[in-house]
Amino acid sequence: MSNDQARIRFAPAFRPSPLSVSGAILVGLLIIWLGVNFVKEPSEFYGLFLIGLTNGAVYGLVALGYSLVYGILELINFAHGDVFMLGGMLVATMTTAWFATTSGLGLWVGISAMLLVTVAFCATINTTIELVAYRRLRNAPRLAPLITAIGMSFILQNIGLRWKGARPTSVPDILPRGEVFTLGGVAYTWNRLIVVLFTIPVLLALIWLVQRTRQGKAMRATAQDREAAAMMGINVNRTISFTFLLAGGLAGAAGLLYALYFTNVRFDEGFRIGLIAFTAAVLGGIGNLPGAVLGSMVIAMIESFNNGFGWATPGSDWSQSIVFSILILILVFRPEGLLGERTPEGA
Amino acid sequence: MDFFRAWLKARPDYEQVVRRRGKRALVFGTPAFLILAVSGAASLALVLLTVVAVVLYVPAWNYYRYGRWVVVGGVLLLAVFYPFYQANLFEFPIFGGFPSVDTGVTMLIYIMMALGLNIVVGYAGLLDLGYVAFYAMGAYTAAWFASQHFHQVNVHFGAVGVNPSVPGIHISIWIVLLIAAIFTAVVGVIIGFPTLRLRGDYLAIVTLGFGEIMPQVARNGDHLFGQNITNGPQGINPIDPPGFGDTLNDATGVPSDYLTFNTSFLGHTISGVELFFWTALVLVLVTVFCSVRLRDSRLGRAWIAIREDETAAAAMGVPLMRTKTWAYAAGAFFGGIAGAYYAAFKSGTFPDDFFFNISVFILCMVILGGMGNIWGVIIGGGFLAYLNQEGLGNIGGWLNNHFSGASTSSDKWFTLWSNEIDVPLYSSGIFGIILVLVMLFRPEGLIPSSRRKAEFREGVSDEPLYDVQH
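Listed in order, the protein sequences are those of chains A and B.
Number 347 marks the last residue of the first sequence (the working numbering); no jumps.
Number 1470 marks the last residue of the second sequence (the working numbering); no jumps.
For the record, the hints were derived by calculation from the structure and aren't laboratory data.
Every residue gets a Cβ at the ideal spot worked out from N, C-alpha and C, and that includes glycine.
Treat the hints with care, as some may be off.
[What the hints assert, rightly or not] Estimated spans, in silico, between C-beta atoms of each pair:
1. A:Asn-139 / B:Trp-1375: 24 to 32 Å
2. B:Gly-1317 / A:Ser-22: 27 to 35 Å
3. B:Ala-1314 / A:Glu-227: 25 to 33 Å
4. A:Leu-19 / B:Gly-1317: 25 to 33 Å
5. B:Ala-1314 / A:Arg-220: 27 to 35 Å
6. B:Pro-1031 / A:Asn-237: 38 to 46 Å
7. A:Arg-167 / B:Trp-1398: 22 to 30 Å
8. A:Trp-190 / B:Ala-1314: 52 to 60 Å
My request is simple: use the sequences and hints to build the entire structure.
Here it is as structure tokens:
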């Protein structure tokens, strides 16, 4: 009798799994590392923070493209990073040809014109890739489009290599470098602020588009179930093409910002940035738009702190390994990311 | 003759098969033969090779007892004697001559890696984008155990061509190959243990991550926790040559040291390259044997079951994690041997050899040839490795000769581009094109296994059964 009663438990005892414990320890170590470095060199910290913010904005734009495409097709579009770099190369060509010495209002008109051209260029490439390479494979085993995406990425990389050669191409430095504000003795200049000022409205506009418009509704429906969406009268092919158009446009905008801010482009840089951005998208929760930008910020901060800090820091030699370690850890421990939904992979 | 006919009657479709293959050989072979003959390749070698190819291909050899060994044996004989007749062969148009023996060694090593990757991708259906990591592990293992790298210690065991007073760990390459294979397989299990829970493209990304981390570790490994483990960007060289040592040489006549070996046989000079070639051939044979036996084993059937439908396989009692980990370990095992042997062949290991391109390159071999089919993977691997080593250079030379504005050759047809194009520079793009074309138009590869073909044509239910929870 009493034995039966003893078996009744009212609330399960709090038992964290070994996975979550080790994850918490990792995050704790990260915070300690940041804290110690902050106390040691505060001004360094602010400087690196601002660099990370700007880089994060660039990565964020690329990551949004990954997230959009993954959200709708569950396809990792490896070629996305290379589309982005081709956009950067177009900007390099245009800037060198037209804007080497312009300033004032003419500069802004010129940059806006370049933005339009680059966005159109990259959107066209991305939509063409979808049309040529991915559409036929929509019902194939999932690995087939993934392999095709890798192939497309290599093809685009080699187009870039043919176009600009193996050496980095320098882009004229046309963004204004005036000081906006200082944080802890470190100046934040206009050329960096422009990048951040660009990403945030784009993110908001995207969220509005996906959540509030008819086209966004069609995208969400297609992402959930293509067949059912088609039965409801949604033109699935057009919706997917539109998503690729949007992602390509984002890649183009990111290419413009990247080329103008870092002032050089190289053919294989797109693949590298693409992988970082993909990691960021996974970190934030793939398919989740604010998550992509948040993840990009986090990755860029970690990268920047790692490159600059002195105490117990691996240094820039290891930044790529650190980014990929984060990717692996996130996929193993928390595949749904920081803000994402639980996926079957996370079970 | 009556006996022969009676034997045939027991196999009524024999004639049909022969007729079909004969027709196919005529349709594809005659134009090829004519093109070769017209382009100036008409020679005794061409005729002989054509006859051999027809004799091996057209009769349905597998209908005879021990018949299936005829094709295998024939191809093997052709391969074994390749160094002897390679110099007398004809030239292809555009592609140039047959690969040199040196390229042959590289081709065989890549075939081995492709066969290893085939176990992971072709049998178990796990997309591994970081196979280069295993190759790197194998190569560095060889560098650690058979070079002067760890000069603090002085260990000698069966190494040839090294003075016993030279410091470092020097272990016989044959043992090192085994150590590398086992070590790499263990690394494969360690990598696989946390990651193989993931499905499909997530697994691909994680393996890609490992593949990207590995070269960076190799490049920065000269100051890892204050230790010089990989000697950084300079890489580790020289690595000891393979060989059997003087004792075995005296007793049985096997070569004592591959690098200093030189003799004459059948009017042909046999030096180290030929020995490397034959050893690689033996290694490939071992890999093929293991691949076949693994595929037909209980484990191999479990791999294929997982590939076709993971959920159903699990429901049938296939232990998913263990089976996948074994696939990983087996793939890594052969990748490790291939890496170690390649390091011994090149006598060095350099971190720049282990980029993502190589992973995709090997994947491309498996996909082009036909996932899951050993003959397909061998042909795909050999052809792509040849392209990478010699073919693209030859094709580029031909193109530039005929179409470049800078060409001064009498063969020049017309100008398509002004300066010479360095075609091998664009190898990764060319492999990208191959990947895309194969995936779009023949996803099962050139020589598919019938089972894999059906999967690609009819689709498999590799979508998870349950949907995203909202």
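Structure versus earlier hints, numbers of those that do not hold, lowest first: Checked against the structure, no hint fails, so every one of them is satisfied.
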